[in-house]
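Got two chains here, each in a separate frame; can you build the complex from them with the hints?
Protein chains in written order, with numbering that gives the first Met the number 0: chain A, 0 to 196; chain B, 0 to 669.
Just so you know, the hints here were simulated from the structure itself, not pulled from any lab data.
Note that the structure is a prediction, hence the values are computed from the model and not measured.
Heads up, none of these hints are tricks.
Facing chain A, a subset of chain B residues (Cβ under 8 angstroms, in silico):
hint: 1; residue: Glu457
hint: 2; residue: Leu490
hint: 3; residue: Thr491
Positions of the beta carbon are idealized from the N, C-alpha and C atoms, including for glycine.
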Amino acid sequence: MSESPKRLIADVERLAHTQVNDCYQCGKCTAGCPRAGVMDAGPTRLIRLVQTGDVLEAAACESVWQCVSCLTCTTRCPKSVNIAGVVDALRQISVERNITARKYSRTVLFQKEFLRNIRRNGRTNELELVAAWKLVAFFDDWSPFKALADARLGIPMLTRHKLHFKPGSPVKDKAVVRRIFDRCAAKRKSETEQEQD
Amino acid sequence: MAKIGVFTCWCGENIARHVDVERVAKAIESLPGVHCSMNYKYMCSEPGQSLIIDQIKSLGLTGVVVASCSPHMHLKTFRAAAAQAGVNPYMVEMANIREQCSWVHADKEEATAKAIELIRIAVEKLRHNRPLQPISVPITKKALVIGGGVAGIQAALDIAAAGHEVILVEKEPSVGGKMAGLSETFPTLDCSQCILTPRMVEVNQHPKIRLMTYSEVEKVEGYIGNFSVTIRQKARYVDVNKCTGCGTCWNGCPNKRIPNAFDFNLGNRTAIYIPFPQAVPARPVIDSTRCIHFKNGKCGICEKNCAAGAINFNDEDKLVTEEVGAVVVATGYQLYSIGKEQTNPNISGYGEYGYGKYKDVIDSLQFERLISASGPTGGEPKRPSDGRIPQKIVFIQCVGSRDNAKGVSYCSKICCMYTAKHTMLYKHKVHDGEAHVFYMDIRSGGKKYDEFVRRAIEQDGALYHRGRVSKITEEEIDGVRKLIVRGADTLTGKPVTVEADMVVLACAMTPTDGATALAQKLSVGYDEYGFLSESHPKLRPVETNSAGVFLCGACQGPKDIPESVAQASAAAAKVLVMFSQDQLTREPEIAHVDESLCAACCACVQACPYEAIAIEEVLDRRGNLVKYTSRVNPGLCMGCGTCVAVCPSKSIDLEGFTEEEVYAEIESLL
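With the rest of the complex left out, here is chain B (with noise of 0.2 angstroms):
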């Protein structure tokens, strides 16, 4: 015989506004199978939880329905309390008076009848609730990283520090992301691969990480600490165990005319490269799609030179499958292209600013490359259409960030700051040159920013106007190609117009053209731009609502080094407090087959959206088939209950939603 105690909260007013609570405790007093029904003001604070502990010790309640918020919220919090009193936490129920209540309707006594109704529904449910156990899976201690930039590295090299093995998988040839594309960092100055490059050689020389550059994830399978990861190396037609990256081969090379992405096409690069010169691994790859051997089977210049015999165009993309516990996507970003033509149809360009029409028009990482020491112009900011140094830069704030109309509404976070250092670093170089800002708001929050923009402002002179460009064209004065930018100074109340060498785009930061791929792969959600979604924007930052994947960095929004940096140390310390149990603990609330009564029609195998149900062999004592039956993998199963529809001999249920638990609430009602 079920002994539950109903108790109905308060919320302070949140429900008791709408609810009279006293009235609701009162008509359930009557229920069948209701041993007492309370109210109080604060069922989840300190003393609303003793007060079920005791009257759970004191009546020897059997189970607990709480009526107060949604599940959501405190479900966890009432069954620990229900634990900690000694009931089967699964005998635990909570009628949602509060956003299914009292806070969407206004009349108080249909409110109350509502209330009166949902409890009854949770307590029938109740009574038919059996106790439940959690469940356990083992482990994989090893950990996959997706994207080499800041954030993978750290991520990677934190995890790897606690001893556990890790796998960071990189899609271009060399790991190090866009920073290491940078000039100087903001607010130090301080040059971005001097403090870069020393972790991306300790990732490659971690005795616990394997570095997978040129590589990508092609397949993701499994669960929390049971995934299995196929990654896709892609062929780099050299043999990086031979190589010993001495250069004759890139040097050597006769195809030297290639746009190199890595400078943003400003610089070129060989058909045999690497993206830079500290790329890690120092191991070059050979473009197949402009390499003159792959075109006529000439050439060949590489393999003749290589000393080590390690070129090897015979080279096939390889599959490898690696079984892993947790995933820590670190996939970054992109700028928001500006030219007219966008791969996403819900955003539009800039044809207003001539991007890719006028040579002189760039965008930010283009001008990092250019002022980068380790860029094409080794670091003196020649214009691209000339080569001339300019003597008047306009940096235009905004690009694609908040502008409504172009399909973009954040703010892209850093471009206050690193339009302030551009203007900076260009001062540095042309002591008499003139740095205009179009800028709308600053947004320098952070250790030390708003003073680094004020320097630049005051100390560099950048001018700074308040007011968005309406028009950027080309025209040649004195014999010189100028860009006349056209603008406005809100601040004074008066259009600007600038003739400019040259103009740089502080373009919105984008997630990466394969993020929202990858992330269909993982399971994870993104929202309207592609940026993957954390499981809480503030309580759970790092966390997916794909059980064991972790984000870090700008995949997850725009951010700036040091905050992703952050970031990923705390998807690592995520992974190592999984990493630290033997076994995973989990609700028990999934599938469950009755295998004396399934038929092995696979109507529940092909409905699992997890590929959790498989066709098993049922075998006598003496190991004759008997039948074939579904059975579950626990670890796998999200308990969505598709495979209980769909079954025709009702051979398969959910636990904690059995069909007699869920007919018993319908019934209740009828």
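Pulled out of the complex, with its shape left as it was, chain A reads as follows (with noise of 0.2 angstroms):
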């Protein structure tokens, strides 16, 4: 995808569909965000970062993972502008253009076993999840300890039933599901590739 900055704003305002331009960087999505706090860029950053252009620099922030979707920006913007919209959009970016900040590595690859799970299943099959993805985070890092962190988690969930070894009732055609999954990534390489034209 060519880099012009024109182009990578335009891209996140179809993702987000939103326009970035209507922001006047008042900070209330700031104000409000619960994880702010922590963030590298909080909200009001990360949309001023896109409206200058420097698209790929938001992406790479951390604070696009440490984001928890839960729209209160989005909710209480004087502008209305999809705040939330445009950090999912960030991420969108960030995984295709492998720029993830590092710290997110394994976010990420969890994200992207739990899509390919509900591809596989046409829903979550839990215990399926678990196993694939601590594989996978093992092979990409090789660190047993990480991959045993949180494994005396198991038994508390568990025992409060949040921890399913038997999979939910299986769903009826899964080819639709799939098809989903298929289409939306179809509209998205056409997408990229009228960008590029």
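Structure, rendered in structure tokens:
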């Protein structure tokens, strides 16, 4: 994809269905953001970086992965800018271009595994997801400590019925779910190809 | 025998906190002439005034002392109250125990003692006061409007619409002012000339308005209602009555490469010219400094071509004297000159922006001409250096404005708006162009103003960077001269460098060059920048401290078109209020000559700063000259008292402040 700032901005705006120039940098999104205190760039700054065309810099921020998508920012924005949507778009751009902040590479692996799980089963199969993600993550960093770091959470989660061994009732037509995934991918592909023209 | 009532005010806590008002009232009671002494929380309030009125009526007081604030604040209030109760208003004195006592002293004992002293002085003066009657002066119901921009035009039209004669003086060859040169106006984007030219024409055709273009006010004499103004009509070298405005002369003039000041030197004109096609009156002038005929006596093509025989190379400046009753000043503004050299020693220029050095760094009025359909490029935003259409323009706001280091600390108020307009007009003409704006704050207060700026950003895609530009340099990149603009965006916290094709500087609005000289002729005050001073910033915004002289438009401070027009109509209303009376009433506190004592030494005549005193003959019944004496013109005298101080024979005195009264005050202290 072309690196022109204008196209990058257009890409974010298309993914987020919003106009970033509408933002007048009042800071209300950051003011209400429950995660702003730990972010390297709060929502206001992320939007500003997109406005100035520094989309890749914004996408590489840790904060796009620190966002919990609570949508407080979007809800309270006086100019109705879909800030959470912009953050989502930045996540996607960061994954597509492999520029995710180092600290959050495992998060990306989890997200990818999560989606793959749904694509295969039509819904989540939690045990399969845990196993698959642990494996993928281990082969990524070869760290048994990290792989087992949250293992002791397993028993409390089981006792509280937060983890299910048995998969839920099977999805009747898994092909439909798969088609949704394929269509989304195809749409994204055609959009980015159009961009290049 | 004087029967004086003293009324001490608490002014809420303002006075009462530091002055023991009860004790003051008690102490005053025993003074000679004092009949009653009272105190009240707010004397200026309705019940406070009623208290005074009731006391006057019930006790038959002959004079009143109000001990409260400065007479600037409430003297008129208390005089009116006294008059209502049947006491001569000039038998009211005020003792200022607020500004000159409670506000400036911390010790209550001492402040109380001082308050008593101050009141004692006022009582002593009042005992010697004489009742006075206001004086009336005749009034000439004809107005002079100085400046033919949008404000002056509006004021002239409004006064004329009420049926009074108006003289509109404009120094340029055409009326219209700065507005005539603008492209489109915010926030509606309607064409500036389309809305202004009908008014320009109207001003020229109105039977009650005498339009004097290419003229300047030379001298102003007289006083409110009776000004005598000398106007210099500069030599036009064209007889406006014979001329038909056909254009043969300027089309035939061989001297075509003279920078046109109306286009801020971006376009050219001829030596015989009208500044712009819609000029009113559509009558040319000859620029004698550039005309070939004036250099070597040759050429004369215009004279030969003119079928009407209107060219007159022997024309000379004419001085015209006019009697008017009121003056409206609407001299407008000019842009702060950005270059290093400045005429005002208190202001320094921007060497770092390279204005004057780089051709493509222009100011905002130049940009207006560039995108104006009547401008030198016919509305195409061609850059001055090579005529290319710029693909990237940087607009810099607050150039001069809010820059203490350069000597201008005020905000010019309109730059945020017109810069937003510039970005829009540019983007409407160059769709794929980039418009970058460097700003410090966006000040877009006004109806539909902020929406307008947001439109420039949201719909037209102007790129706004919050930060000032540090420096502009010129470099050649791929064979094209580019301006490298180094600024910052404090919202991202990063430096920003833009390779621009053109830079437009939104410069501070400053008063026109001749404004202060004119203000001196009119005895109107002005601030350190030369903006003329209104009488009161909130309550008397179009009046000046010189009676009968009014202000409107940008000569008073930076202003946009709607505000200038509103102010012009306000000034016209004030003139019409004056003209609604047949005689003007003035305060009687003026100098008075005891003609039996005057020796006609002329000391007062020389000392008077208002030229209000003249030497006149005193004749006996048979018409024989007895002696000479000085006499005061009550219309001109401002009551300053300078004449009293210089009179060696003590024959001149100031009513309301006679020597007897003033010495009584002093003696009461000794």
